[in-house]
Each structure stands twice: as structure tokens, then as C-alpha cells.
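Starting from the given sequences, assemble the full structure and let the hints guide the process.
Here is what each chain is made of, one letter per residue.
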Amino acid sequence: MILLAFVLQTIRIAIPYLLAAAGGVISERVGVIALGLEGMMLAGAFGAVLGSYYGGSAWVGLACAMLAGVIVALIMALCTLRYRADQVVVGIAVNLLVIGATRFFLRLSFDSASNSPRVDGFGGEGSGLGVMASFSNPIVWIGLLALPVLGWLLFRTPFGLRVRAVGEKPEAAATLGVPVRSLQLRGLLLCGILASLGGAYLALDQHQFTDSMTAGRGFIALAAIIFGRWMPLRVAAACLLFAAAETLQIQLQGAQLVPSQFVELIPYVLTIVALAGVVGKSVPPAALGKAQ
Amino acid sequence: MSAPREHGILMRAAQALLAPVLAVAIAMVVGDLLILTYGESPGTVYALLLEGTWGNAYGFGQVLYKTMTLICTGLAFAYAARAGLFNVGAEGQLAAGGFAAALIGLALPVATPAVAAVLLCTAGAMGAGAVTGAVPGVLRARFGASEVIVTIMLNFIVLALLNYAVASHLAVPETLHTEVMQAGFVSRLGAFLPAFAGSAANLTIVIAVIAAVVAWWAMFRTRSGFELRAVGLQPDAAEYGGVNVPRTWLRAMIWSGAFAGLGGINFVLGYKHYYEEGFAAGSGFLGIAVALVGRNHPLGIIAAALLFATLSQGGLAVNALVPKQLVDILQAVVILAVATTVPEVQRLLQRAASAAVRRGSTEQTT
Chain A
1 MILLAFVLQT
11 IRIAIPYLLA
21 AAGGVISERV
31 GVIALGLEGM
41 MLAGAFGAVL
51 GSYYGGSAWV
61 GLACAMLAGV
71 IVALIMALCT
81 LRYRADQVVV
91 GIAVNLLVIG
101 ATRFFLRLSF
111 DSASNSPRVD
121 GFGGEGSGLG
131 VMASFSNPIV
141 WIGLLALPVL
151 GWLLFRTPFG
161 LRVRAVGEKP
171 EAAATLGVPV
181 RSLQLRGLLL
191 CGILASLGGA
201 YLALDQHQFT
211 DSMTAGRGFI
221 ALAAIIFGRW
231 MPLRVAAACL
241 LFAAAETLQI
251 QLQGAQLVPS
261 QFVELIPYVL
271 TIVALAGVVG
281 KSVPPAALGK
291 AQ
Chain D
293 MSAPREHGIL
303 MRAAQALLAP
313 VLAVAIAMVV
323 GDLLILTYGE
333 SPGTVYALLL
343 EGTWGNAYGF
353 GQVLYKTMTL
363 ICTGLAFAYA
373 ARAGLFNVGA
383 EGQLAAGGFA
393 AALIGLALPV
403 ATPAVAAVLL
413 CTAGAMGAGA
423 VTGAVPGVLR
433 ARFGASEVIV
443 TIMLNFIVLA
453 LLNYAVASHL
463 AVPETLHTEV
473 MQAGFVSRLG
483 AFLPAFAGSA
493 ANLTIVIAVI
503 AAVVAWWAMF
513 RTRSGFELRA
523 VGLQPDAAEY
533 GGVNVPRTWL
543 RAMIWSGAFA
553 GLGGINFVLG
563 YKHYYEEGFA
573 AGSGFLGIAV
583 ALVGRNHPLG
593 IIAAALLFAT
603 LSQGGLAVNA
613 LVPKQLVDIL
623 QAVVILAVAT
633 TVPEVQRLLQ
643 RAASAAVRRG
653 STEQTT
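Residue numbers (my numbering), protein chains in the order written: chain A, 1 to 292; chain D, 293 to 658.
Keep in mind that the hints are not guaranteed to be accurate.
Think about it this way: if two alpha-carbon atoms lie no more than 20 Å apart in a straight line, the pair counts; the simulated SDA-like pairs of lysine to any residue are [to be verified]: (1) A:Lys290 with D:Asp528; (2) A:Lys290 with D:Gly376; (3) A:Lys290 with D:Pro635; (4) A:Lys290 with D:Gly524; (5) A:Lys290 with D:Gln526; (6) A:Lys290 with D:Ala373.
Estimated spans, in silico, between C-beta atoms of each pair [to be verified]: (7) D:Ala647 with A:Leu74: 31 to 37 Å; (8) A:Gln206 with D:Met303: 50 to 56 Å; (9) A:Val258 with D:Val506: 27 to 33 Å; (10) D:Thr329 with A:Ala172: 42 to 48 Å; (11) A:Gln206 with D:Gly436: 39 to 45 Å; (12) D:Ser460 with A:Glu168: 45 to 51 Å.
Think of the hints as simulated: they come from the structure by calculation, not from any bench.
Glycine included, C-beta positions come from ideal geometry on N, C-alpha and C.
Structure below.
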């Protein structure tokens, strides 16, 4: 029973990572650095609450979340793909933009500097199913399936071959008639949608939007992508690993074995170790960051 | 004979100024729209913003205070960028610098001569920043690890470690800050200019300006600065020309971290005299904006730091009319707009220049 609770809690924490990381893998596989994940998630979280509150249903919230993610992705696409602005700068700026924008519209919509009113989410608490209730939430299923499906798409279909070609050698792909720019745009939009679902899950799970509520989760997803070497199944494993560490830390909180700050550091330290190549080097797609 | 040279200067001025001016204009349009969304008049809000920043000594003092940190983090980003590296880690380097300065200030005996104490604390701040910057530098130079990702991840690591150290060992109970230091105080401007009284502006701004001059000298008047820029422009060519590229990267990251760490003395030595969790949160990322708008040139960075400090302080001034978060949005829009317009403006100017050259050569032949 303790084990079951541990697994369920781990999955619950992992869902936002799995979704954002799936989006990030697509984005990086078509050559666009996924530094905007954090902003896309935060936009999704805000969209979900705004839609749920004014639309009266979590489904409207979900639609608004995806719309918010698409808007963020379009801003990034306009700057990096259309005007060839530097992807790192744009990624960082977009995160700042979304933090500022969500705060601004939080005050405009709900007249609060810190949080929105309560929204319903996908419910299930009343059903007596406890933690199992989270599985009545459609986002959970999308999160669990996103990376496996993506792995199949990338490595088992002609479409995936084209995507990988764009990320590794765009010139060669273009020579063969692959629509490079259009694939990059679609990859970025899909990234926005998936990451925003991750944010929507967070907000609907907590039944409200709070200022900067994603709290670096987009960067943990990025860490999982690098630690999982851009391979969807490995990335999924990395997400679950990071989530399991967090769960362990939460459940052992009373025991005070290790300061909680040190557990939070695991994803970041592992990423740096992976990049330095101490145990098998993590090598990004060759054309990452060089979109033309 | 002088025509091409004048043309060159004009081109350079246009290249340097056109994109930032355009970016600020775009940001103002976005600002107008947001202010109108909130049902206020843009003119009133902008007037209030100027009045609350440059219109009175207290406001201007606050602007100067914020400018100091932004000059340092702007220099940090620019120095690495000149070598072709992205130091996104100023946030952590700045915090490490402030922490080191406070620790030294706490450890020094009360009787330490003021100048010596300030120098020691400043050196400690720069040293801590340099060490934090050296980690991604070594990983890049030795293993080819992306400094973008390493600096981002390192920000989380450094901040978490500092928070742990303060929260569990050093904090005054019920607060997030350390005890007040024994030595290493820098005077506030209000001490000589009564008009500034109450504002946080202090003499460390002078140190920041000196740092900018030193950075300019190092970049443009020394051999290692030449190597730095050569590596940034074309690493393969620089290597072929005999420059040790990995060592140049490491040196760039060390200096970059040192500049960011220096920013920590503003709050610690000049203002509160202790280290506090999150004392300059956000200034590291804004340094990227400052360097971009200042085109990675120390003079431009001072101007851009003033601009962004004005915006930050201005947000507080207009908070009664519109949410101060409006300013966060404007700052992000300026970054996006500069990043987007710089390559575009350069392409346009190049096209104009080559057209002018073509015209010139046809005139000569006829």
C-alpha cells in the first residue's frame, strides 16, 4: 500500500514534467532550443484557470491553456524562425514575458497579486477514490502516452525521419524537399501545446493559479531531456526518476535524512554531469539553435 | 578621401542605435495597449513614470541604486558574449558575490580600516563570482558542455546551496538574512548630498563605472581582449591564428563571473550590510537585456542599465494607476524586440552599404 501510494504520487508529480519534456523533445529535435518551456507551462496554467473560471468547465480551461501555449510558441516562432533572432535570448525573454504577463492579467482579471479564486478542475475528490481519482483526469493520460507515442513517431515513421533530419542537417533535409521551416514551426507549436497542458495539469490539480506556480518545472523538464539524451523513452525515464526523488523527499520529510534543498538539486546536478560526459556524453541534435 | 570614413562612423552609429531605439518604440506601443486595456491614459502613466524616477532626487537615487547592479550583470553577460559564450548564470554569480562579501564583512574585526575592509569584501565578491563562472567555463573548455545549460542549472544549484546555508546556519531567527556585518560599509550618496536622503543609492555606483571602464580597456585595448573578440567572431580562425580557444573561453567566463559577483556589493556593502535571500533576484537575467540593448559595449551598457533601472523603479511609481508588472512585460518586450531587430537592421544596413559601394564604384569608372 505504501508502494502504491509512492507510485501514484510519483506519477502525479511526473505528469507536468512528462508533458513539457515531450514538447521540448519535439522542439529540440527540429532544431529550436526549448528554453521557453517554463513560460509555456506558466501560460498554460494561467489559461487553464482563466478558461475554467469564466467558461465554467475544466474542458474550456484546457482549450484556453492550449491557446495560451500556442500564443507563446507563435511569439517565439516569429522572433527565431521569421526574424532569426537568437534562440537562447528569445527563450529567456519569453519566460520573463510570461511571468510579467500572468501577473498583469492576474490583477486585471481577479484583482489579486498572488492567486486566482478557486476553480473546479476535473474533480474526482468527492468520488471516494482518493489518489486514484487523478486518473479520471484526461491530462494524466495524455502525459503518460505523449513520450512513448513521440518515440514511435520519431523512430518508426517517415515523418519522424524528416523531423530528425531537420534537427541534424537542415540543409540536407531541404535539398531532399523536406519543408524545413514549416516543420520547425509545427514542432514549436506542438511544443507549446504539450508544455501548456503540463501547466494546466498543475493549475487544475491545485484548483487555482498562483504567481510563478511552475517554479522551475520547465527547466527540470529541460534537464530530463538532456539527461535522457533526446530519446523519448529515456527522457520519460528521467522525468519519472526526478519525480520519484521528489516523492521520496516529501515522504521522508519527517525523517530529516538529507536537507530538502539537496534533493531538489538532483536533476540539475545530473544534467551537468551528463553534459560533461563523465558517464556517456549527452550530445544534442547537431543543428540545435541554428535555425535559418 | 574622408568620405568613406565618415560614412563608416555614420554606419556604426546607425548600427548601434537604430535597433535599440526601434525596440524601445515597439515596447512603448505594447505598453500603450496594455495601459489602455487597464482603462488608463498612456500619457498620464508615462508622465508619472518619469516624474517618479528622474523627477525627484529620491526616485533618481533609487534608479542609481538599481543601475549599479545592472551595470555589473550587463558587463558580465557582455564579456562572455564577446568570446561567443552565453553566460546565463549571472543570477547565481551575483548571489554568490553578495554572500561572500557579507561573510567577509561578518568575519572582519570591527576595527578594520574602512578602505581595507571594502577592498577585501569587494575582492571576495568578485572572487566568488569568478569561481561560480569558472565552473561552466571549465566544463565548456574541457568537455565542450553547453555553457547555456550549465549556467542555467548552476543558478538553481548555487541559489539552493546559499539558501540552505543561510536558512539553516546563518540567518537571524525569523528572517532570511544574516547578522549585520562588522566592517566593510560603503557610504550612501545621501551622506554628502542631502537630496538623496532615504534612497538606497551609494558609492558602489562609482565602483561599477570603474568596472565598466576597466572592461572597455580589457576588451579593446589589450591583447587578451583582442583574442577574446577574435574567438567570439570566428573561433576556428582565431585558433588558426594561434589563440588558445579553450583558455580564452575559461578566462572569459572567469571575468564574466567576477563582474556579476561585483554587483553583490551594492546591496551588501552599500545598502543593508547583510546578505539576504533573493536580494537581487531578477537582476542577473535583466543583465542580459542590458547587454543586448547596450550592444555588448561598456558605454552602451551604462546607458542601458540606466534605462532598465528607470523602468524597474518606474513600475513602483505608476503602481497606483496600473499594475507595476506592466514594467516586467515591457522589459521582456524590449529584449525580444532588440534580439529580433538587431539581425534585421544589420541585414538592411549591409544591403544599403553594398548598394552605396556599388554606386561609388560606378561613379569612379564613369
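Verification of the supplied hints:
1. A:Lys290 with D:Asp528: 17 Å, holds
2. A:Lys290 with D:Gly376: Given pair A:Lys290, D:Gly376 holds - Cα atoms ~14 Å apart, limit 20 Å.
3. A:Lys290 with D:Pro635: Since the Cα atoms of A:Lys290 and D:Pro635 sit roughly 14 Å apart, the hinted pair holds (cutoff 20 Å).
4. A:Lys290 with D:Gly524: Since the Cα atoms of A:Lys290 and D:Gly524 sit roughly 16 Å apart, the hinted pair holds (cutoff 20 Å).
5. A:Lys290 with D:Gln526: 16 Å, holds
6. A:Lys290 with D:Ala373: Within the cut-off at roughly 17 Å; holds.
7. D:Ala647 with A:Leu74: 31 to 37 Å: 34 Å, holds
8. A:Gln206 with D:Met303: 50 to 56 Å: Given about 54 Å between the Cβ atoms, the range holds.
9. A:Val258 with D:Val506: 27 to 33 Å: Given range 27 to 33 Å: violated, Cβ gap about 42 Å.
10. D:Thr329 with A:Ala172: 42 to 48 Å: With a Cβ separation near 47 Å, D:Thr329 and A:Ala172 satisfy 42 to 48 Å, so the hint holds.
11. A:Gln206 with D:Gly436: 39 to 45 Å: 40 Å, holds
12. D:Ser460 with A:Glu168: 45 to 51 Å: 47 Å, holds
In summary, the one numbered hint that this structure violates is 9.
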